[in-house]
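Protein chains in written order, with the working numbering: chain L, 514 to 901; chain B, 514 to 901.
Any given hint could be a false lead.
[Stated by the list, open to error] Straight-line alpha carbon distances no greater than 27 Å define the calculated DSS-like cross-link-like pairs of lysine-lysine that follow:
(1) K615/L - K615/B
(2) K667/L - K634/B
(3) K735/L - K587/B
(4) K875/L - K735/B
(5) K675/L - K547/L
(6) K741/L - K735/B
(7) K675/L - K615/B
(8) K735/L - K859/B
(9) K615/B - K739/L
[Stated by the list, open to error] Some chain B residues flagged as far from chain L (calculated, every beta-carbon gap over 12 Å):
(10) H543
(11) K587
(12) E595
(13) T597
(14) L672
(15) G680
(16) N725
(17) I763
(18) I835
It is worth saying that the hints were derived from the structure and are not from the lab. All C-beta atoms in this analysis are idealised placements derived from N, C-alpha and C, irrespective of residue type, glycine included.
Number of protein chains: 2
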Amino acid sequence: MFFSGESKLTVPCERFIVIYRIWGREEESHAMAKDICVEQTVEFPFELVPKGLIADNIVGRIEAFEPYDSESFKTSISFPVEGTSNEFTQFLNIVFGNISLKPGIRVERLELPEAILKNFKGPRFGRSGLRELLGVEKRPLLFTALKPMGLTNKEFAELAYKFALGGIDIIKDDHGISNQAFSPFEERVKLCSEAVEKANRETGYKSIYVPNITSGSSEVVKRARKAKELGAGGLLIAPGLTGLDNMKEIAEDDSIALPIITHPAFQGSYVMSNNGISHQALFGQIARLAGADCTIYPNFGGRFSFSRDECISIANACEEDIGSLKKIFPCPAGGMSLESIPESLKVYGNNVIFLIGGGLFKHGPDIIENSRYFRRLIEPVIKERIDN
Amino acid sequence: MFFSGESKLTVPCERFIVIYRIWGREEESHAMAKDICVEQTVEFPFELVPKGLIADNIVGRIEAFEPYDSESFKTSISFPVEGTSNEFTQFLNIVFGNISLKPGIRVERLELPEAILKNFKGPRFGRSGLRELLGVEKRPLLFTALKPMGLTNKEFAELAYKFALGGIDIIKDDHGISNQAFSPFEERVKLCSEAVEKANRETGYKSIYVPNITSGSSEVVKRARKAKELGAGGLLIAPGLTGLDNMKEIAEDDSIALPIITHPAFQGSYVMSNNGISHQALFGQIARLAGADCTIYPNFGGRFSFSRDECISIANACEEDIGSLKKIFPCPAGGMSLESIPESLKVYGNNVIFLIGGGLFKHGPDIIENSRYFRRLIEPVIKERIDN
């Protein structure tokens, strides 16, 4: 009665699937699943939704509903691809926009058809591209951060030089180093890029310096271009601060074309309770959709709270099939210590990037020697694996 | 031993304060407060942080620590303004970047000196500007949404016309309406702006149409400019999807200069557990910093989970003193019904915007009459208040 009914959706829309976990008893969980179908699409009293095209095509549809464990249920809900406008933001809005405001609902996994995936170029380098860039065929990659905040750019560049001399593959800014008066961005990128390049000439390695470009919405792309011009080998972005689509735009920009490393700052609340997004979906699937070549997350056993299983689920999502999106590197971090490397090697295998920041300063007074020690912890294990 | 020590921070930095609530027993909560000081700044083994300038100026400092209730503590931690690079993203990173990945920490409030606030223009219109624009001196403003997703633009424009005829002040796109094939953005903005303008000529009211411009990172500003050109009277953005700084850029852009309404989609997880940001800080203080003139949140008693006290805390943060930032409108929504208006009037007073979407369709079969009824629910109460 309210609408003239001239909707153009005369053919059924192709659909994508979101798997949710819902906490509660069966009856209330099923009611919540039905609620998700409406809340995430028409957000309208269901009894008043125009019958036919909108009720049948636009509203979410429960495709499966079954127990997850004794206190929660798992439901697959399909949504129309056309509802996403071919936009990452509107896709994320359908997946978890309004229901982020309701307790006891978690996005577990995404199952996406080509009709959605065609909007995502995905990681530009992926595992093989990053290995080729760094000249590292088989072993895990070594990664560290320039810190602490407050050093001058000259000091950061000295550190970068030593890390690279010691054989660290990737040397990034700490994610809190931005464009502070004591460490302006352009000068830092120039000095650190040159320092790593100088070390490479001495070692023959192909280490890269990766500046943090997290910044204002339209500033990010300017910093990305400037970083490329000044010799940076990759880019660090915290999409919790810039927006996920911002990272996707940088990753997909052919004029930039540098490896993208995603940092989880400000994203943690999504994985901290029964409301949110699973570790595998957020730091694995969504990070890949957003074009990350490497996804940093806090490793189990460090100073954060992720469990071993949650970390493994992220690593699995980095390599599972998602259309033709490239496989990427999981990057356990967050209080990783040199002592934890042997255990982590067992868990992650060879296709991993180990990020050790502060822990690399703790081993001894010589940063170059500490870096070499880090590398020696990895290489014999890998050699043995490859030889056998 | 690791650093040359040429840090330029020879004078103490000005500092800003974040008040956190930490769950746990006293000893562990105090240890967590100390951890926040390090994690959010140098992120480095504290015993190795260079003494003097960095340890004294850059690292966070516990200014107060006291019980909050029987299970949590309240601590005020100060951070150096220089650490923020005068950037919103890096400011947010210091406030809650890495610790978003740790359980049991919530940002309760921000206390910001002029040295921080100078980086924020804040709301352009605020309460008085929006009242002037809409020609409404005293009463609460009436707000509704064009829905359901799947209608054509012609249908949306017909609805917008009827809402405006019925005296609704602000008519926005549902936040899931973007640029779908069945409702392309430009056509919709043109038709709906014209429809509302036509109604205004008939009624003498000054209703506005507010399109949703939430979209890709660099697309948002294009849509904002296009919306302005086509006659839109305000802009809806969901900063959980675009990034908070993206909204700030649009709000501060003098070539756009339209009222900004912020939508909470995808932000809910920040307020859903003991890890996160308080309702008042996220939907009040941070929304104002990001330039919102009106902040939408789910009202108590609706289909979401916010309590009455949490809603009141948001409303308070909309009008508390934050430097010279303008006061803004709280906008309770999310399953607001016409029946809930009298109670909400008692709670919020006159300086509020009531957003009723689907509920406006439920009252009867005539949208114009339903809209008038909404208005009649408000006006007598306000008249009585003003007369007495």
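Here is how each hint holds up against the structure:
1. K615/L - K615/B: At roughly 21 Å apart (the allowed maximum being 27 Å), K615/B and K615/L satisfy the hint.
2. K667/L - K634/B: violated (34 Å)
3. K735/L - K587/B: violated (40 Å)
4. K875/L - K735/B: violated (49 Å)
5. K675/L - K547/L: With a Cα-Cα distance of about 58 Å, the restraint between K675/L and K547/L is violated, given a limit of 27 Å.
6. K741/L - K735/B: holds (26 Å)
7. K675/L - K615/B: violated (32 Å)
8. K735/L - K859/B: violated (49 Å)
9. K615/B - K739/L: violated (34 Å)
10. H543: holds (16 Å)
11. K587: holds (19 Å)
12. E595: violated (6 Å)
13. T597: violated (8 Å)
14. L672: violated (7 Å)
15. G680: holds (18 Å)
16. N725: With a cut-off of 12 Å, N725/B comes too close to chain L, as the shortest Cβ separation is near 9 Å.
17. I763: Check fails; 9 Å does not lie beyond 12 Å.
18. I835: The assertion about I835/B holds, with a minimum of 20 Å to chain L.
Hint violations for this structure: numbers 2, 3, 4, 5, 7, 8, 9, 12, 13, 14, 16, 17, all remaining hints satisfied.
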